[in-house]
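Chains as they are written, first to last, in the working numbering: chain P, 424 to 678; chain L, 26 to 284.
Heads up, some of the hints might be wrong.
[Claimed, not checked] Which bits of chain P does chain L cover? Going by a derived footprint, with three or more residues having C-beta under 8 Å, they are: (1) 453–461; (2) 541–549.
[Claimed, not checked] A few chain P residues that don't get close to chain L, going by computed Cβ distances all over 10 Å: (3) W435; (4) D476; (5) P478; (6) R516; (7) V628; (8) N629.
No wet-lab data here; the hints were simulated from the structure. Idealized CB from N, CA, C, for every residue including glycine.
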Amino acid sequence: MRALAVAEGVAWRTLHNVFTNPSLFIPSLLFPLFFFVAFAGGLSRVEEVPGFDFPSGYTAFQFVFVLLQSAAFGGVFTGFGIARDFESGFARRLLLAAPNRTGIVAGYAVAALVRWLVTAAILTAVALIAGMQVGGDGVDLFGLYVLALVVNLAAILWASGVAMRLRTMQAGPVMQMPVFLVLFFAPVYVPLSLLEGWIHALAAVNPVTRVLEAGRGLLDGSPTDVGPAFAVTIGLALVLSVWALRGLRSAERAG
Amino acid sequence: MNEAFADQVVLLGRRSVVRTVRQPANVVFPLVFPLLILAVNAGGLDAATRLPGFPTDSFVAFALAIPFIQGALFATMNAGTDLARDIQTGFLNRLSLTPMRGVALLTGQLGGVVTLGLVQAVVYLAVGLAVGVRLESGPLGALVLLAFALVVSLGFGALGAFAALRTGSGEAVQGLFPVFFVFLFISSMNMPRNLIEIDWFRVAATVNPVSYLIECVRSLIITGWDAEALALGFGIAGAITIVAVALAAVSLRTRLTRS
Numbered sequence: 424m425r426a427l428a429v430a431e432g433v434a435w436r437t438l439h440n441v442f443t444n445p446s447l448f449i450p451s452l453l454f455p456l457f458f459f460v461a462f463a464g465g466l467s468r469v470e471e472v473p474g475f476d477f478p479s480g481y482t483a484f485q486f487v488f489v490l491l492q493s494a495a496f497g498g499v500f501t502g503f504g505i506a507r508d509f510e511s512g513f514a515r516r517l518l519l520a521a522p523n524r525t526g527i528v529a530g531y532a533v534a535a536l537v538r539w540l541v542t543a544a545i546l547t548a549v550a551l552i553a554g555m556q557v558g559g560d561g562v563d564l565f566g567l568y569v570l571a572l573v574v575n576l577a578a579i580l581w582a583s584g585v586a587m588r589l590r591t592m593q594a595g596p597v598m599q600m601p602v603f604l605v606l607f608f609a610p611v612y613v614p615l616s617l618l619e620g621w622i623h624a625l626a627a628v629n630p631v632t633r634v635l636e637a638g639r640g641l642l643d644g645s646p647t648d649v650g651p652a653f654a655v656t657i658g659l660a661l662v663l664s665v666w667a668l669r670g671l672r673s674a675e676r677a678g
Numbered sequence: 026m027n028e029a030f031a032d033q034v035v036l037l038g039r040r041s042v043v044r045t046v047r048q049p050a051n052v053v054f055p056l057v058f059p060l061l062i063l064a065v066n067a068g069g070l071d072a073a074t075r076l077p078g079f080p081t082d083s084f085v086a087f088a089l090a091i092p093f094i095q096g097a098l099f100a101t102m103n104a105g106t107d108l109a110r111d112i113q114t115g116f117l118n119r120l121s122l123t124p125m126r127g128v129a130l131l132t133g134q135l136g137g138v139v140t141l142g143l144v145q146a147v148v149y150l151a152v153g154l155a156v157g158v159r160l161e162s163g164p165l166g167a168l169v170l171l172a173f174a175l176v177v178s179l180g181f182g183a184l185g186a187f188a189a190l191r192t193g194s195g196e197a198v199q200g201l202f203p204v205f206f207v208f209l210f211i212s213s214m215n216m217p218r219n220l221i222e223i224d225w226f227r228v229a230a231t232v233n234p235v236s237y238l239i240e241c242v243r244s245l246i247i248t249g250w251d252a253e254a255l256a257l258g259f260g261i262a263g264a265i266t267i268v269a270v271a272l273a274a275v276s277l278r279t280r281l282t283r284s
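With the sequences and hints as input, model every part of the structure.
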C-alpha cells in the first residue's frame, strides 16, 4: 500500500514535469514522428524490391518499427529524468522520504508508460492520416500495443538501473546507445529474408527481430511468432526489473 | 598589427581544438555515431540497390556521403555550445578587455571547427576506402571531397557560432539539433530523389539544400566528375558559409558591445 502511494507520487511529479516542460516532452514526441516520416515517406519505394512481401504496405511496415522505437525511447527519456533528479539532489531527498523505495522505481515506470501512451496515440493518428493500411483486427492491434507497452517497461527498467547506478546526466549515452543498437540491428528497413551479410547474422540472433516481426504480423493481420515475442519481452522485463531494483539498492548504499 | 592578429587567431584556434580534444565525448561521438548510422543503413538498405534505376550496386558507396554532412552537424553543435559556454562563463567579457580583435575570436573559433571537420572527413574517407568503396573521381576527387568537407564545416561552424553569439545559451544551440536533424532526414540521404515515390517528400527533398550537399559528395564517390552536382554543392555550401559568417560577425559585434 505504501509502495503504491510512493509510486503514485513519483509518477505524478514526473508526468507533471514532462508535460509542463516542452523541452522535455517535445523531443520525445518529435523524434518518432521524424523517423516515421523519413522512413515511411522517403523509402516507400523499397516495397518494390524483389522479395519484399508485406501486404499492408511500407507505411505499416515502418509504423511498427517506429512504434516500438518510441516505446523504447520513451523509457530511456524517462531514465534521463531520473538521472537529472539525482544530479539536482531531489532523488536523494526522495530516498530519505519514501517509506517504500520500490515504489520509486514503479512510479518512474508508470510515468514512462503514460508518457509513451500519449506519443503512441499521436503517432498512430499521424500514421492513419498518412494512409496506413491496417490488416489486423481489434485483438491483433491490442496485442501490438501490449507488446510495445512491455518494450516500454523493459526500457525504463534498463534506464532506471543505469541512472541509479551512475546518478549523472552524463550517463545518457550509456542508457541510449545499447537501446539504439539493439533496435537498429534488427530488420528495420526490409524483412529479415532480404538482409545479407553481417547485418543478417546479427539480426537473426537479435531478440528484437522476433518482437518486430511479431508486431508487423499483428498489424498486418497475419500473426507470427507472437508467443515467442511476448516471452522475449516479458523475460527481458523481468531480468531488467532485477537490474533496476539492484540499481536502487546501489543508490541507497551511496546515500 | 597583422602579426598580432595572426597570433590571436592561432591562439584562439588552438584553444578551440584543445578544448574539444579534451572532451572525449565531443570527439568520439561525432566520429563514431555517423559511422554507426552508415553501417546500419548500408546493411539494412543494401536490398534497395536492386531497385530499377538505383545508381550503384553498393549502398555503402551511396550512403558514404551522409557521415560527411552528419559529422559536420555534430561538430557545429559542439563548437556552438563551447562558444556559448564562453559567453555564459564570462570568458568573452574578459577577452573583450584585452586588445584582442573580435574577428580574431571568430576566425580562431572557426579555424578549430574546420580543423576538426577535416580530421573527421579523413576518417570517414579512410573507413569508406577500407570497406571497399572506390571513388569514381579518383585521387583528385578525394582532395575535392576534403575541400568540400572543409567548406561545409566552415559554414555549419559559423551557423553554430551565430546561434551561440545571438542567444548566449548552450541549451539554445543544442535546441538547433532537431532542426538540422529534420533537414538531414527530409533529404535524399537514403534514396535518390528520382526514386522517392511520395510526392511531397520528393518536393521537400528537392527544395532542401542539404540534399545538394549530400549529392555533391555522392557524385564524387559513385558518378565521377559531375559538374552540376559539384556546382550546386559548392555553391550552396559557399552561400551558407558567407551568410552564416556575416551573421556571426554582426552578432559578435553586438555581443562585444553589450559586454
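Hints and how they fare:
Only residues whose beta carbon comes within less than 8 Å of a beta carbon in chain L count, and the segment 453–461 of chain P has 6; three or more means the coverage holds. Proximity of the segment 541–549 of chain P to chain L, defined as three or more residues with a beta carbon under 8 Å from a beta carbon of that chain, is not established by the 0 residues found. Every Cβ of chain L is farther than 10 Å from the Cβ of P:W435; the closest lies at roughly 26 Å, confirming the non-interface assignment. Against the 10 Å criterion, P:D476 stays outside the reach of chain L, whose nearest CB is about 12 Å from its own CB.
Distance to chain L confirms P:P478 as a non-interface residue, since its nearest Cβ pair spans about 18 Å, more than 10 Å. The beta carbon of P:R516 sits about 25 Å from the closest Cβ of chain L, which is more than 10 Å, so the claim that it is off the interface holds. Residue-level check passed: P:V628 sits 14 Å from the nearest beta carbon of chain L, beyond 10 Å. With a cut of 10 Å on Cβ distances, P:N629 stays outside the contact zone with chain L, its closest approach being about 12 Å.
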